[in-house]
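Visitor: Heads up: the sequence lines are chains A and B, in that order.
Okay, so the first sequence: first residue is 1 according to my numbering, each after it adds one.
Okay, so the second sequence: first residue is 1001 according to my numbering, each after it adds one.
Heads up, a few of these hints could be off.
[Unchecked claim] Derived lysine to aspartate or glutamate pairs resembling EDC-like cross-links, with alpha carbons at most 16 Å apart:
hint : chain 1 : residue 1 : chain 2 : residue 2
1    : B       : K1080     : B       : D1095
2    : B       : K1080     : B       : E1026
3    : B       : K1115     : B       : D1049
4    : B       : K1058     : B       : E1026
5    : B       : K1115     : B       : D1075
6    : A       : K267      : B       : E1053
7    : B       : K1005     : B       : E1053
8    : A       : K267      : B       : D1020
9    : A       : K267      : B       : E1087
Treat the hints as calculated values from the structure; they're not laboratory data.
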Amino acid sequence: MIEPFSRKPTNAREWQLRARVLQKQLEGLSIEELLRGARIEDAPKVGDSDRSYDPNQPRVPAGHPDGGQWTIKGGHNAGSRDPTIRSDVTPSNEWQVGARYASGRGPRVGPLTPATQAQLFRLGAARTEALNAIRRVQEIEPNWKPQPSAYQTVEGMIRAYQAEAQQASQRYVELTYLTGPGRFAAEWIPAPPPGQRLTSADQRRIDQLGAIHGCHICGTFNPGTRRGHFVGDHQIPTALGRPWRIFPQCLHCSNVQGGKVRALMNKKGR
Amino acid sequence: MVLTKKVAPPYSLIFIADADGGVAPECSPPAPYWATSTCIAVGCLMSQDGDTEVSLGKAREFDPGARPIFDSFLDTPNRKVNVETAEGELILQADVPTESTRVRIWTNELQEPDKIVIGLG
């Protein structure tokens, strides 16, 4: 039996053996884990005590979206079927762009087709955007997850990430604009009876609160209106129930909320 | 016939769409209007600052000569054009002869106009 990683393969058979071992190590990993180079929970975190520089620490191979980045050191599970990359592979650049690295257990429904460098770049960008958008939602709703998409090509994978980012953005807007006061909400005034406008005294108070706390959604101190008044935002939105509080809001957030309310009304069947 | 009404709509927006409501656009980033093929949202004066005068009619009846801020086609499968608030309150309504209607919009200001003219056809 040839030890596949003890030295650089010298013939086709040794290369094939090495590839099979690698494939077994990568089997069952999700795309997230593949891209990261390890299981998410095993990824090093800021402040880890063993984050010091180690020249022998393996890197993600070239051709991989995270190619060149440090990955988890080889260790206690190396070579096992545990779905964790704990590779003790000698860092090398022999991996090819578009090579088939693993059969996935994630949403992918078949082997990935070869990817170009441009696709890998776009894939990385789409993934980053999706992760950031999901993280932003999870700050408000920790258990929220986007619906997974199926894909068979690299382009499909990019679109899947873009779809996740879009879902997350939509959810963030819903959470921010339609489900109560925003993250900068502080003081408020009582809402007038339904159908009644704010009095000028109410408006002065809203402007004062806006000057102190900013827009309750985005925190800006610039109301964005022609006459410099903050919008008095009814919470909850009148379309969703009877509001009882009014917070200062900037014109832009008011417009965005209006679009969301309109979409919601249409969805409800008007 | 030109229809005119003064309103102070919530969210400083009016929506122009077919009677079925259309698909509301994302009203961001800040702009004079936002549109999908089935719905147009136009910013107006913040309600606390006063009313906005909205006019609806055939474009040739009141084309002010200036360049419109919006000039495109709107899907009107029910052959009606509604002007509504975000909450679905009807402001103005007009019948149109076709399932796709050219809509031109003029405003007296790019931001928070208090006069909005909607020309059809």
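Visitor: Next step is simple, just say for each hint if it's right about the structure.
Guide: To see whether the hints hold, each was checked on the structure:
With a C-alpha separation of about 4 Å, the suggested pairing of B:K1080 with B:D1095 holds against the 16 Å cut-off. A distance of roughly 23 Å separates the Cα atoms of B:K1080 and B:E1026; the hinted pair therefore is violated under the 16 Å criterion. Taking the CA atoms of B:K1115 and B:D1049, the gap is near 13 Å; set against the 16 Å cutoff, the hint holds. As the CA atoms of B:K1058 and B:E1026 are separated by approximately 27 Å, the hinted pair breaks the 16 Å bound.
A distance of roughly 24 Å separates the Cα atoms of B:K1115 and B:D1075; the hinted pair therefore is violated under the 16 Å criterion. Using a Cα cut-off of 16 Å, the hinted pair A:K267 and B:E1053 is violated, with the two alpha carbons roughly 28 Å apart. At roughly 6 Å between alpha-carbon atoms, B:K1005 and B:E1053 fall within 16 Å of each other, so this suggested pair holds. With a CA separation close to 11 Å, the supplied pair A:K267 and B:D1020 stays within the 16 Å bound.
For the hint linking A:K267 to B:E1087, the alpha-carbon distance of about 12 Å falls within 16 Å, and the restraint holds.
Checked against the numbered hints given earlier, this structure breaks hints 2, 4, 5, 6; the rest are met.
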